[in-house]
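Spelled out from the first residue to the last, the chains are:
2 protein chains.
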Amino acid sequence: MGDLSPDEFRAAAHAAVDWIAEYLEDSQQYPVRSRVQPGDIRAALPPSPPDRPEPLEAMLRDFHGTIMPGITHWNHPAFFAYFANSGAYPGILGELLAAGLNANGMLWVTSPAVTELEQVTLDWLRQLMGLGEGWFGEITDTASVSTFYALAAARERAGFDVRTRGMAARADLPRLRVYCSEHAHSSIDKAVIALGLGHENLVKVRTDEQYRLRPDALAAAIAADVAAGFKPIAVVPCVGTTSITSIDPVPEVVRIAREHGCWVHVDAAYAGVAAIVPELRYLLDGVDGADSLVVNPHKWLFTPMDCSVLYTRDPQSLKQAFALLPEYLVTRTQDETVNLMDYGIQLGRRFRSLKLWMVLRAFGREGIAERIRHHCELAREFAGMVHFEGGWELTAPVTLSLVCFRRVQPGADETAIAAHNAAIMERVNARGQVYLSHTKLEGRYTLRLAIGNIRTDREHIELAWRELREAAALLERVA
Amino acid sequence: MGDLSPDEFRAAAHAAVDWIAEYLEDSQQYPVRSRVQPGDIRAALPPSPPDRPEPLEAMLRDFHGTIMPGITHWNHPAFFAYFANSGAYPGILGELLAAGLNANGMLWVTSPAVTELEQVTLDWLRQLMGLGEGWFGEITDTASVSTFYALAAARERAGFDVRTRGMAARADLPRLRVYCSEHAHSSIDKAVIALGLGHENLVKVRTDEQYRLRPDALAAAIAADVAAGFKPIAVVPCVGTTSITSIDPVPEVVRIAREHGCWVHVDAAYAGVAAIVPELRYLLDGVDGADSLVVNPHKWLFTPMDCSVLYTRDPQSLKQAFALLPEYLVTRTQDETVNLMDYGIQLGRRFRSLKLWMVLRAFGREGIAERIRHHCELAREFAGMVHFEGGWELTAPVTLSLVCFRRVQPGADETAIAAHNAAIMERVNARGQVYLSHTKLEGRYTLRLAIGNIRTDREHIELAWRELREAAALLERVA
Chain C
6 MGDLSPDEFR AAAHAAVDWI AEYLEDSQQY PVRSRVQPGD IRAALPPSPP DRPEPLEAML
66 RDFHGTIMPG ITHWNHPAFF AYFANSGAYP GILGELLAAG LNANGMLWVT SPAVTELEQV
126 TLDWLRQLMG LGEGWFGEIT DTASVSTFYA LAAARERAGF DVRTRGMAAR ADLPRLRVYC
186 SEHAHSSIDK AVIALGLGHE NLVKVRTDEQ YRLRPDALAA AIAADVAAGF KPIAVVPCVG
246 TTSITSIDPV PEVVRIAREH GCWVHVDAAY AGVAAIVPEL RYLLDGVDGA DSLVVNPHKW
306 LFTPMDCSVL YTRDPQSLKQ AFALLPEYLV TRTQDETVNL MDYGIQLGRR FRSLKLWMVL
366 RAFGREGIAE RIRHHCELAR EFAGMVHFEG GWELTAPVTL SLVCFRRVQP GADETAIAAH
426 NAAIMERVNA RGQVYLSHTK LEGRYTLRLA IGNIRTDREH IELAWRELRE AAALLERVA
Chain F
6 MGDLSPDEFR AAAHAAVDWI AEYLEDSQQY PVRSRVQPGD IRAALPPSPP DRPEPLEAML
66 RDFHGTIMPG ITHWNHPAFF AYFANSGAYP GILGELLAAG LNANGMLWVT SPAVTELEQV
126 TLDWLRQLMG LGEGWFGEIT DTASVSTFYA LAAARERAGF DVRTRGMAAR ADLPRLRVYC
186 SEHAHSSIDK AVIALGLGHE NLVKVRTDEQ YRLRPDALAA AIAADVAAGF KPIAVVPCVG
246 TTSITSIDPV PEVVRIAREH GCWVHVDAAY AGVAAIVPEL RYLLDGVDGA DSLVVNPHKW
306 LFTPMDCSVL YTRDPQSLKQ AFALLPEYLV TRTQDETVNL MDYGIQLGRR FRSLKLWMVL
366 RAFGREGIAE RIRHHCELAR EFAGMVHFEG GWELTAPVTL SLVCFRRVQP GADETAIAAH
426 NAAIMERVNA RGQVYLSHTK LEGRYTLRLA IGNIRTDREH IELAWRELRE AAALLERVA
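Here the protein sequences line up with chains C and F, keeping their order. Here my numbering is used: the first residue of the first sequence is 6, the next is one more, and so on. Here my numbering is used: the first residue of the second sequence is 6, the next is one more, and so on.
Be aware that one or more of the hints could be misleading.
Identical chains blur together in the list; that is why a pair holds if it fits in one copy or across any two.
Claimed, not checked - No farther apart than 16 Å at their CA atoms in a straight line, the calculated lysine to aspartate or glutamate pairs in the EDC-like style are these:
1. 209 / 475
2. 209 / 221
3. 324 / 194
4. 324 / 340
5. 445 / 332
The set of hints was computed from the structure by calculation and includes no laboratory data.
Here chain C stands alone, though its shape is the one from the complex (with noise of 0.2 Å):
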């Protein structure tokens, strides 16, 4: 009772097959930012769950009528908040076919191919970074894990058998310490905090004027603890902060995190995918120095929530600081195999490999570059417009496919320059045609359109500057 028949489930799969393909082609009929109010959906589903099975058609019925209007559409070509997350295709595809082997490759013999399909595809991914030999890569489900799971390598590699021991009430264990420019992302902090590190054991180096880490004060703030007794472990330089997508000087970083025994920690998360365009590939310079590099191809690779992928140098510190074996989890092949459980706290592990594997064959290395350099390219148009437009200024350097931008107005002080700019953003936002999101830069409130998705065009960008154009006008009239 309850579970579909074959040919039901045949029947409202195919249909769903459909739907998405029509939705994908047709993504730009929806707002992009769902218009629902707090509250909306829940109160449109039935409080209590049925006793009995329900017919399918009532799912779906909801699905479409009830559910859909509270998407917020990261498929939509003209999204450009956040970062875009968009599904390719082939990467739909490995999806389905996970969901339906529903393998979990916790052990090896749990399932081989996970295991090594995801060692195979990780490889693939490093040599299209131009990453040299000798990283073993991991799934995890997000950027923030990959972040948490190096640093936690970092702690164990520091020496003093936190693993064991813990770090409470030891006379032995000076403050460990962590480095990061100021424009790192709030993921860093969240794994300083779970590791029990201290948030104020978190340093946040100042940067130059382009956003990015300097050296001499990472090297400073490094020498000043030293001195007072703090023990430095890690340092995590962006290569894409989330702000701006500026670009810290891994080499540099490297070269002094060595001088003290600190795990580098690569937070490429958006952007490390970009260096498989040939000219772009040294935005991954010095990253063979590092212990660990993280990046996501959820994010600008195509491939369907969730892909995050953690390169380590050094995996027996990940596995010194993760590995146990209860008896119910031994196997006769334990030995001769990787089994990734010994590689992060989770156990199941869904076959997320098959989507991005997919994605990379379908798509090659020209594929996935072409599409890249076409953001990139569709970033400086845009950034061209806005430079050339009086009223508006670019806030930020445009390194890769964002560009950071806001309107300006004669004799307006900053707090009435950033309400504007946030009204114009809600009403563009408001409108659903476009989607952007905003941050602060030393206290500037900044507009951000970050290009990302497969779909995204120059129409798109194109529409976006309209809207705005449109939005501050409007309001600069109505003012």
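Given chain C, work out where chain F should sit, using these hints.
Relative to chain C, chain F alone:
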């Protein structure tokens, strides 16, 4: 270049849907446990990625020819190892739709339906399990992460501001301790290690003759630790331990924990959902007095991987442990809405509730209860077969759908018994008709037959029993 056309996607995905239905109806044609050797899959795949797009046919050929032989079939009705994961058709359909939408519910506004359907669906599940009101639920990928979050909240609630100050070099911070039974899952060890509490500060409390945590031993352990200057912060009773599905006495644990201000986190990852069956409702007795609970719909609730649920009565502590709000994530609606990024490390969040919601609706309370009840009946039947045949013994009480048992020969010592049972298991698993795993109970090697696959029926346990007896007979004849 590279992405499929909508029509190519439709054709390929329709074929994949048909194949999945065929696969699930006919999975007995496959050996349950993959027969490949370590390195086989890797060796069969090109060592480098393609430069140019590859045709879909090539990928699908490799999927069927190379990947499939490397799959261990968790969907096979004779998968009896570990705990089963099996995906019901409505769950696969939900996963397909979610992959098509690719919505990211990091904030309420980035897809209101992701946040609100998750909250509604988890409230339904709470009601189905017979828990009281006042539980906040969130979906995580695995029970390991759910437990990690719960213990992070416990660490924070202990009142030492570990979040900001960390744990090292503090005169005011005693060693924090966590308690569980000696049969608790390794995920608790991993959480304690990751949080920097130190593995030696996880106290494994003795169990009784039915492998249940002994309240008197817990009380004594806590009292001794308090006297020695430790600070107990959490107790993790388990409803359905991994080795033997023993059930710790939650009401007594809650009472003892309360006396010491400890957080109680109930690990019911496997067995919690069985409380949906009216006569098994008692499994969660006392849980309403706990602070958090983990149950995994991707185990015994027929929802495709991954889908774990963390419930807590104290979401504020979870938020206190994790919430951070950088400017680029500030939204107008943030104060009126739940933003799920605030309750854990992960920022990105895929639309996992959709598949669970579809499973709950397709089966209804009665459909779910019927299947779980049937699995428990099958376990009792299998236990009966073992019990009534000379030369075999049950090694633990059958509480739910897991049977622990082994072959014993007159005069054999423990080493010989262990070797013999390991040989029986390996022979059975190598034949590929059924798949079992093992554990050790007080040093005694024990086979495990865990029933939880939605498609398992009487014929499959009869097959398992036949395979086991034949393997034993053959090995004993040879010896």
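Hint by hint, here is what the structure shows:
{"no.": "1", "hint": "209 / 475", "in the structure": "neither (39 Å within a copy, 66 Å between copies)"}
{"no.": "2", "hint": "209 / 221", "in the structure": "within (13 Å within a copy, 48 Å between copies)"}
{"no.": "3", "hint": "324 / 194", "in the structure": "between (23 Å within a copy, 14 Å between copies)"}
{"no.": "4", "hint": "324 / 340", "in the structure": "within (13 Å within a copy, 40 Å between copies)"}
{"no.": "5", "hint": "445 / 332", "in the structure": "between (52 Å within a copy, 6 Å between copies)"}
Consistency with the previously given hints fails for number 1 only.
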